[in-house]
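S.K.: Based on the hints, put chain A in the right spot on chain G.
Protein chains: 2
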Amino acid sequence: MQFASRLDNVETSAIRELFKLLGKPGIISFAGGFPDSAMFDVEGLKEASQKALAEEPGGALQYGATEGYEPLRSQLSSFMKTKGVDVDPSGLIVTTGSQQALDLLGKTMISPGDKVIVEGPTFLATIQCFRLYGAQLISAPIDANGVKTDELEKLIAEHKPKFVYLIPTFGNPSGAMLSLERRKKVLELAVKYQTLIVEDDPYGDLYFGEAPPPSILALSKDVPGSRELLAHCGSLSKVLSPGLRIGWMIAPAELLAKATMCKQFSDAHTSTFSQATAAQYLKSGRMPATLAHVREVYGQRAQAMGAALKRELGDAVSFTQPQGGLFFWARLTGANGKLADANELAKRAIEKLVAFVPGAPFFAEKPDVATLRLSFATADVAKIEEGVKRLGQAL
Amino acid sequence: MQFASRLDNVETSAIRELFKLLGKPGIISFAGGFPDSAMFDVEGLKEASQKALAEEPGGALQYGATEGYEPLRSQLSSFMKTKGVDVDPSGLIVTTGSQQALDLLGKTMISPGDKVIVEGPTFLATIQCFRLYGAQLISAPIDANGVKTDELEKLIAEHKPKFVYLIPTFGNPSGAMLSLERRKKVLELAVKYQTLIVEDDPYGDLYFGEAPPPSILALSKDVPGSRELLAHCGSLSKVLSPGLRIGWMIAPAELLAKATMCKQFSDAHTSTFSQATAAQYLKSGRMPATLAHVREVYGQRAQAMGAALKRELGDAVSFTQPQGGLFFWARLTGANGKLADANELAKRAIEKLVAFVPGAPFFAEKPDVATLRLSFATADVAKIEEGVKRLGQAL
Numbered sequence: 000m001q002f003a004s005r006l007d008n009v010e011t012s013a014i015r016e017l018f019k020l021l022g023k024p025g026i027i028s029f030a031g032g033f034p035d036s037a038m039f040d041v042e043g044l045k046e047a048s049q050k051a052l053a054e055e056p057g058g059a060l061q062y063g064a065t066e067g068y069e070p071l072r073s074q075l076s077s078f079m080k081t082k083g084v085d086v087d088p089s090g091l092i093v094t095t096g097s098q099q100a101l102d103l104l105g106k107t108m109i110s111p112g113d114k115v116i117v118e119g120p121t122f123l124a125t126i127q128c129f130r131l132y133g134a135q136l137i138s139a140p141i142d143a144n145g146v147k148t149d150e151l152e153k154l155i156a157e158h159k160p161k162f163v164y165l166i167p168t169f170g171n172p173s174g175a176m177l178s179l180e181r182r183k184k185v186l187e188l189a190v191k192y193q194t195l196i197v198e199d200d201p202y203g204d205l206y207f208g209e210a211p212p213p214s215i216l217a218l219s220k221d222v223p224g225s226r227e228l229l230a231h232c233g234s235l236s237k238v239l240s241p242g243l244r245i246g247w248m249i250a251p252a253e254l255l256a257k258a259t260m261c262k263q264f265s266d267a268h269t270s271t272f273s274q275a276t277a278a279q280y281l282k283s284g285r286m287p288a289t290l291a292h293v294r295e296v297y298g299q300r301a302q303a304m305g306a307a308l309k310r311e312l313g314d315a316v317s318f319t320q321p322q323g324g325l326f327f328w329a330r331l332t333g334a335n336g337k338l339a340d341a342n343e344l345a346k347r348a349i350e351k352l353v354a355f356v357p358g359a360p361f362f363a364e365k366p367d368v369a370t371l372r373l374s375f376a377t378a379d380v381a382k383i384e385e386g387v388k389r390l391g392q393a394l
Numbered sequence: 000m001q002f003a004s005r006l007d008n009v010e011t012s013a014i015r016e017l018f019k020l021l022g023k024p025g026i027i028s029f030a031g032g033f034p035d036s037a038m039f040d041v042e043g044l045k046e047a048s049q050k051a052l053a054e055e056p057g058g059a060l061q062y063g064a065t066e067g068y069e070p071l072r073s074q075l076s077s078f079m080k081t082k083g084v085d086v087d088p089s090g091l092i093v094t095t096g097s098q099q100a101l102d103l104l105g106k107t108m109i110s111p112g113d114k115v116i117v118e119g120p121t122f123l124a125t126i127q128c129f130r131l132y133g134a135q136l137i138s139a140p141i142d143a144n145g146v147k148t149d150e151l152e153k154l155i156a157e158h159k160p161k162f163v164y165l166i167p168t169f170g171n172p173s174g175a176m177l178s179l180e181r182r183k184k185v186l187e188l189a190v191k192y193q194t195l196i197v198e199d200d201p202y203g204d205l206y207f208g209e210a211p212p213p214s215i216l217a218l219s220k221d222v223p224g225s226r227e228l229l230a231h232c233g234s235l236s237k238v239l240s241p242g243l244r245i246g247w248m249i250a251p252a253e254l255l256a257k258a259t260m261c262k263q264f265s266d267a268h269t270s271t272f273s274q275a276t277a278a279q280y281l282k283s284g285r286m287p288a289t290l291a292h293v294r295e296v297y298g299q300r301a302q303a304m305g306a307a308l309k310r311e312l313g314d315a316v317s318f319t320q321p322q323g324g325l326f327f328w329a330r331l332t333g334a335n336g337k338l339a340d341a342n343e344l345a346k347r348a349i350e351k352l353v354a355f356v357p358g359a360p361f362f363a364e365k366p367d368v369a370t371l372r373l374s375f376a377t378a379d380v381a382k383i384e385e386g387v388k389r390l391g392q393a394l
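Read top to bottom, the protein sequences are chains G and A. Quick note: the first sequence uses numbering that gives the first Met the number 0, first residue 0, plus one each step. Quick note: the second sequence uses numbering that gives the first Met the number 0, first residue 0, plus one each step.
Isolated chain G (complex conformation) (with noise of 0.2 Å):
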């Protein structure tokens, strides 16, 4: 059978094959990029769903809009302002997930060739999803204040990409959070070099102290003409549940058109069913506290981490402390000789049965093999404390 060509362009990652080990009895998994179930709110998730049902059955169950079903739109309309972001229902479209806002931005906005710069490391499925559609992607440098808005700022001009691709605040794999300073910079250089940004803001509402700078889509309303050049992708995923395949996408009237096209080919709409359960679910105000209660548990297992990761490890890992969101990316140093490759370090790591991610897939280009990626959601804190033990006996 002969495949099209733009398969040609991707690989079945690394990482699944990794995956396909974490069955093995005893282990300790950091390699999950998901919420922990016990999360859940599995009791509000019930009552919005029967009453979806019984309120609405046709909207519920029948074909729905392409651009999203009317009581969500407006729900997350009213949940963006709560975030500092004024739009109307119909400036945003419901995505199945906001993995499908990526492919809807690939679809509508890559040919073949076409330039897309993201962060260097970023996530993996938007490296492959945006390759399927001929992107050639280029790798701006981070550190723990995000993107360096200079070297940014360099490969914009340099090579003039369709759009920039980031994920501000505890972005995966890297957990950083961009400073206010740098998101300014960010919408400065939008306007400036009339560059589309996509804002992907998955992780935006786990913060575990105080909340971090407003998304770059928030602060647009001080820079004149830059909600005009923004995209900004949000998700239900990480704070309610990835199961429903809840994402919504914010983006200029025209492209939002576009989007809505591709969509319509793509899966006609986002389930009707999941849409009015959260839709339901919004309306019935349990969000707060399900928010603040994710935040505070993810905020101990992150502390858990941070400790153990110094006290096991000490100097042969480098880290900065992340303020939110699911992750720690750390750097083997090398110190006293000890192993500064993650790939190796995985092999042995699950020998002694603990698991997480090497970095280098998460770089579209120049892969630091020396990094990698510990999710501190799923395991609580006496399993954190003891995956760690058995990655510094690794180690």
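Accuracy of the hints is not assured; some may be wrong.
Heads up, the list lumps identical chains together, so a pair's fine if it works in one copy or across two of them.
[Unchecked claim] Capping the alpha-carbon separation at 20 Å, the derived lysine to aspartate or glutamate pairs in EDC-like fashion look like this: (1) Lys183 x Glu152; (2) Lys45 x Glu55; (3) Lys147 x Glu157; (4) Lys257 x Asp7; (5) Lys19 x Glu69; (6) Lys159 x Glu227; (7) Lys257 x Glu10; (8) Lys191 x Asp149; (9) Lys19 x Glu66.
Hints were generated in silico from the structure; no laboratory data involved.
M.R.: Coordinates of chain A only, in the frame set by chain G:
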């Protein structure tokens, strides 16, 4: 904003514009392509969703395998068995409605410029979906017994298509049923020319009298080598609920693996909440009664529409009484100087407060402007009679 070049191949359909007029008060619509909300087994789906959340909240709300939720794959395997198809759960993937199966086939198989043969007429969203991937569509003529296999063979021999796409059973818009003889011929052509055949089958369960011939997939067991050249798309949208967005694809292992990889970057996976609900519903044993009910109601409506068309429009239209599905496909004959342009009739019909869809947009090549599609799914018998009367007046 400069969009991807692939968007140049499609346009928002004329039909979408028409649909904006359907809100007019008092209108009777035969324009929709959707089932009747009143047919939905709301009680059964309510129970199924409650069970899903009670018994498997982790599975129903968490990220899931891209291939599909295991209990649903298992139920779909059993469901296919009742239709004469022997397929292991691992031999199918769950898709976000069967529209996504089409999208994945496009993404996986079509390089820009590749030829694909479709029926003339065929499903509008298939045309647009494949064109977005750069396909050049070739139209194979049909009659009341489905695609004319002699003509199809000539086209395959001439164009060497990437694949042939058929809706053999009560197709949208044609309502035609491919005869048993022609189904066998299609399988022979697949083997003779080593051409992939895509069988889209969302309507096969909606028959009114005798069951239709087995699906092309079911028949493949008698034609050596043909199974490896078949992809089959199924859906719960027309018989249970479109809002769940549950479709599936059965295909050779290599194609299924590539489609799964593409799906990973399209939407990660189909809503596990929808999938777990559908699995519980199929497990509940309510499906046979639901099928019997929709067959009966739609059968009565089809009967009523056929009789009304004969009575009210006489020899001004020709059509074959459909044996299943949701649609009449009719042709204006122009007899006695009557109108033979369905676009013009559609405009006059809206003035008389009745709507249908002109047939021309359903042709990938050489549109027949005398054709029209009438859905009998959503209006009851009295409305059908009144609506067809108005249609007669418009004509």
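S.K.: Now tell me, hint by hint, if it's right for this structure.
M.R.: Results for each hint:
1. Lys183 x Glu152: within (13 Å within a copy, 62 Å between copies)
2. Lys45 x Glu55: For Lys45 and Glu55, both the intra-copy (15 Å) and inter-copy (12 Å) Cα distances are at most 20 Å.
3. Lys147 x Glu157: Result: close within a single copy only, 16 Å intra versus 56 Å inter.
4. Lys257 x Asp7: Between copies, since 11 Å is at most 20 Å while 26 Å is not.
5. Lys19 x Glu69: between (40 Å within a copy, 16 Å between copies)
6. Lys159 x Glu227: within (18 Å within a copy, 45 Å between copies)
7. Lys257 x Glu10: Cα proximity of Lys257 and Glu10: across copies only (10 Å, versus 28 Å in one copy).
8. Lys191 x Asp149: within (14 Å within a copy, 61 Å between copies)
9. Lys19 x Glu66: For Lys19 and Glu66, only the inter-copy Cα distance (14 Å) is at most 20 Å; the intra-copy one is 36 Å.
Taken one by one, the earlier hints all hold for this structure without exception.
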